[in-house]
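Residue-level listing of the chains:
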Amino acid sequence: MNILVCISQVPDTATKIVVGADGKSINPQGVKFILNPYDEFAIEEGLRLREAHGGTVTTLTVGGDSAKEILRTALAMGSDNAVLVKDDVRADSFVVASSIADAARELSPDVIIFGRQSIDFDSFQIPSMVAEMLDLPNVSMVSKLSIDGSNVSCERDIEGGKEIVSVSLPCVLSAQKGLNDPRYPKLPDIMKAKQKPITERAAVAAAPQVEVLGMVLPSQNRLGVVVGDSDADLQEIVRRLHEEAKMI
Amino acid sequence: MNAILIVLEPQGTSIKRTSLEAITAARGIAGGAPMHGVIINGTSEQINAAGAYGLANVLNVSLASFANGTVAAAIATAATTVGADVVLFGANATGKDIAPRVAVRLGAGLLADCVGLSNDGGRLIATRPVYAGKATVQVTSTTPSGVVTLRPNVFTAKQDQTVSVSVQDLSSVANPPARTSVVNDIIKNDGVMDVAEADMVVSGGRGMKGPEHFNLVEDLAKALGAAVGASRAVVDAGWRPHREQVGQTGKTVSPNLYVACGISGAVQHLAGMSSSKYIVAINKDKDAPIFKIADYGIVGDVFEVLPRLTAMVANVTGR
Ligand SMILES: Cc1cc2nc3c(=O)[nH]c(=O)nc-3n(C[C@H](O)[C@H](O)[C@H](O)COP(=O)(O)OP(=O)(O)OC[C@H]3O[C@@H](n4cnc5c(N)ncnc54)[C@H](O)[C@@H]3O)c2cc1C
Ligand SMILES: Nc1ncnc2c1ncn2[C@@H]1O[C@H](COP(=O)(O)O)[C@@H](O)[C@H]1O
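Line order of the protein sequences matches chains A and B. In terms of this note's numbering, the first sequence opens at residue 83 and continues consecutively. In terms of this note's numbering, the second sequence opens at residue 1417 and continues consecutively.
Keep in mind that the hints were calculated from the coordinates and are not lab data. Don't be surprised by glycine CBs; every beta carbon is placed ideally from N, CA and C. Among the hints, erroneous ones may be present.
[Unchecked claim] Straight-line C-alpha distance at most 20 Å; calculated DMTMM-like pairs for lysine to aspartate or glutamate: (1) Lys1702(B) to Asp311(A); (2) Lys244(A) to Glu1425(B); (3) Lys226(A) to Glu133(A); (4) Lys1550(B) to Asp202(A); (5) Lys1700(B) to Glu318(A); (6) Lys114(A) to Glu151(A).
[To be verified] Coverage of chain B stretches by chain A, computed from C-beta distances (three or more under 8 Å per stretch; other residues unrestricted): (7) 1518-1529; (8) 1685-1698.
For reference, chain A alone in the conformation it holds in the complex (with noise of 0.2 Å):
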């Protein structure tokens, strides 16, 4: 099976977040960058596949030369290619998807594995995207999965339950918490990981369709009403969420 698996560099969620000069977008500076935690689960399901089916997996990031660690993060848990493409503009999600439907043209994978949503821009929308752009079959948020032949059966978390969705290889994958328990790299496979190959390739020339206007840090205008826990300090809580909020 030729799986592909791809995956984004994004800042930590911890970090502070600090509106740069440009005023559209964030300031790199001091913010610690990380493997999109949802594409843990993406390159480990591609490693169970390979390791039950066979096959290579292959992991593409789309980003500038920093993004390296991430790819080297994926060869160190098991990922037997890396390939860089080379932008480090990323405009939009549109332009990213385009250069990972470029490369998966070429590639041409069975399956082709992301994270449910990059927690920078919480887009939620290059695997639906790069699965039009193929005319391929997808199936998002998968909290579980089994592949048989050519079908591909999975579970896919939705409001108020699940679906159970099939569909037929090959496809586009989006990995949900929970699909798995990604494993972390040991020490020899990190240092293996560093003399390993980097493919890269260029970027397609795909005009973005979405520009940021502006950046803020939202303002949280909340009431900062703070009680104890006396009877008279909950029924005030009660009073407010009944008469000033009319919550209840």
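Once you've looked at the hints, dock chain B with the ligands against the given chain A.
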């Protein structure tokens, strides 16, 4: 703006609240542009439900398959049919899955998970949270048309003058080739309200000390008519199912009221609930970060506070 197409998701004999919210949001930006709905295999009851929200025209597409690729193709066809340059979805599991496909088909920019929408002299401008809610961006599409998904519960669904709905069948146009994705079954979580769709949520964290104490959280939820949520700490500990998890690796919720019980307010938790309208926090540590975003904070022990608070709330709601 030429025309707006609103994707209507059926639910029972009506349509989902997220769709009603999208109709309301559309009214806010239409500025005279015609509004159309599109529904897949809609019944007359479902279609008429949109009339109470002021939507007078609905395209009804009959499809043999609900495959996401097929549905996306049908919605794109509907958009072209009515000349829509704005397509609105609710940002729920279905909307998030299908909207990107529609955007690619229409060559339209996708503005995802928006919490604000405005019409700036014909240009659509959306506001959306990014970086786990730590920043907000204003975005616009640079293409002639735009596809938008709206975060559930943010745009309040408001009824309008009821109009009678005229229905146009799209059966002859649609039924594009299916991309062989088949929904075999849907397993419903029995009788529980989903946190992502609920109007009010009461969540418990590690401060609840164990799964056996979550009845305190459930009781308050019941008195309010709210859904039960949880922090990751308690989901990871196996006290609560993952479907209840609120936060970055769980669900994003924007209820009118969010009550956090024994939750510290880690940034990853805030990522999932900071766009709630009113936030109540109960925590025994007065310095817990959750108080920074609370409208009403109660410094106290959940075991002392919850039973009394529940009784007082039940007194008002009669539940
Ligand atoms: C990549 C990543 C993703 C994550 N995703 C999520 C996510 O989706 N959702 C999420 O919630 N977390 C997430 N987390 C975890 C998050 O960082 C926190 O660890 C978690 O939210 C803590 O849960 P908690 O508030 O229940 O527990 P704690 O942080 O342990 O807080 C317990 C609180 O209860 C209070 N307390 C204790 N006893 C009582 C009492 N008797 N009465 C009143 N108060 C009491 C304490 O003062 C404390 O503030 C994520 C972390 C990472 C790294
Ligand atoms: N720059 C990128 N390169 C490769 N894959 C990406 C990139 N950005 C996002 N992805 C993949 O697409 C998924 C969804 O991202 P998004 O649509 O941005 O929320 C992520 O979990 C990754 O698997």
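Pair hint outcome, Lys226(A) versus Glu133(A) [Cα-Cα no greater than 20 Å]: 17 Å, holds
Verdict on chain A covering the region 1685-1698 of chain B, where coverage means 3 or more residues with a C-beta closer than 8 Å: With 6 residues in contact (Cβ-Cβ under 8 Å with chain A), the coverage given for the region 1685-1698 of chain B holds.
20 Å Cα cutoff - pair Lys1702(B), Asp311(A): Holds, at about 12 Å.
Satisfaction of hint between Asp202(A) and Lys1550(B), Cα-Cα up to 20 Å: 10 Å, holds
20 Å limit on alpha-carbon distance, applied to hinted pair Lys1700(B) and Glu318(A): 18 Å, holds
Per-stretch coverage check for the region 1518-1529 of chain B, three Cβ contacts closer than 8 Å to chain A: holds (count 10)
Lys114(A) paired with Glu151(A) [C-alpha distance capped at 20 Å]: The given pair, whose Cα atoms are some 12 Å apart, holds under the 20 Å limit.
Proposed proximity, Glu1425(B) with Lys244(A) (alpha carbon, max 20 Å): 17 Å, holds
The earlier numbered hints are all upheld by this structure, with none contradicted.
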